[in-house]
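Use these hints to put chain B onto chain A, whose structure you have.
2 protein chains.
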Amino acid sequence: MNDGSALVLHSGGLDSTTCLYLAKSDFKNVEAMSVNYGQRHGREIEAAKAICDQLKVKHSVVHLTIPSSMLTDPSIAVPDISYEEIEGISPTYVPFRNGLMLATMASYAQAGGFDAIYFGAHSEDAANWAYPDCTPEFIGAMANAIYIGTYHKVRLITPLQWLNKAEIVLLGEDIGVPFAMTWSCYKGEEVHCGTCPTCRSRNQAFQIAGVTDPTIYREIEAA
Amino acid sequence: MNDGSALVLHSGGLDSTTCLYLAKSDFKNVEAMSVNYGQRHGREIEAAKAICDQLKVKHSVVHLTIPSSMLTDPSIAVPDISYEEIEGISPTYVPFRNGLMLATMASYAQAGGFDAIYFGAHSEDAANWAYPDCTPEFIGAMANAIYIGTYHKVRLITPLQWLNKAEIVLLGEDIGVPFAMTWSCYKGEEVHCGTCPTCRSRNQAFQIAGVTDPTIYREIEAA
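As given, the protein sequences belong to chains A and B, one line each in that order. Going by numbering that gives the first Met the number 0, the letters in the first sequence line up with residues 0 to 222, in that order. Going by numbering that gives the first Met the number 0, the letters in the second sequence line up with residues 0 to 222, in that order.
Chain A on its own, in the form it takes in the complex:
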């Protein structure tokens, strides 16, 4: 257990919640931060709050200006396909979103005297350059920029970087992550839609891991 403090970038999803639990076991003092960039799936921030309340972790929300994209513009439909069916740049990619979120975290981490930032990028997000701002190359560059730019105070920690989503489910199951409280769906309706890329990837991860998926989906294809 490290006596220092860590700030977790917490979307309320499965990956970042697993990160939060890992941070809690690694650092004495842990806080979580969600970023509101106008995403239509604002429900994820409610999920983040509820999870942090249960863990007794301080949670804050920071607002960011980001150019319009599918995830923020209600006039652009969320496609009902899986990530595997997407060719080229993912329509769910928000320009340089993770760079902007991590820079914001770095600013707050330095101002607040934190030693580390936890960020839950994983190998499936990075695969085939779907999300270039989840790749090991990007993470390495940002880790350098953050460490240098904060007078060598703040380190970027990415414990899920080499895991796929099913491996994260297995890890989360092992350390008691409350999967049912996490939110992934891009549509932000009452329940997970089950058909958007992130719902499909979530459900598939549980199936591959052989762990019961507690998520309520509006509709879901049988495996």
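It should be emphasised that the hints constitute simulated quantities derived from the structure, not laboratory data. Mixed in with the good hints there might be a few duds.
What the hints assert, rightly or not - Covered, in the sense of this in silico footprint (three residues per stretch, anywhere, with C-beta under 8 Å from a C-beta of chain B), are these stretches of chain A:
hint	segment
1	51-65
2	93-100
3	104-114
4	132-140
This structure is a prediction, so every number in the text was calculated from the model and none was measured. Beta carbons: idealized from backbone N, C-alpha and C, even for Gly.
Just chain B, lined up with the frame of chain A:
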């Protein structure tokens, strides 16, 4: 002349205005962006607008949330000393400010189809780690993060990186930068104060360069 387009991070100061002029000679299409992070010296944004209007360059302002610092909190006094007299972390350092501004630029540059971002960090800002987010190490890391995170579309260009402030004055004089229109002072009063670190550094640069300083200062020490 490159047929592509460049987005210039333009504070309205001497360095970034010189960058803007360099970008105009390098790229066919140039736009400028100022960042409003609540800085007390909001006059620099007015200066940026006026300079861009004169150059017929499109100028926009983006708002950012940054933790409180001397440059944004009116209850913290701006010290009347030179950068040489400051020991350790500069009181004018805003946590990871340039990381956050560059990440924002990268997001807009990618969304807008720009090929490059111009950023006017120079060697005096980087000296002695006064501003770690102006060092070549930081710039290299951010250049990588931006290039990777934008699907290899956006490059970070920092033409002043190895110049000191006096050399920038000489360069600016040579390419017709309207120095009198630029704004440096941290205090944001009617005229440049002449006593804050950035006013001292500005005036000293003109003196070393042997170029007449057209700036009106409230008070200034004779060289």
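Practice prompt. Find the hints from earlier in the document that the structure breaks and name them by number, from lowest to highest.
Written response: none
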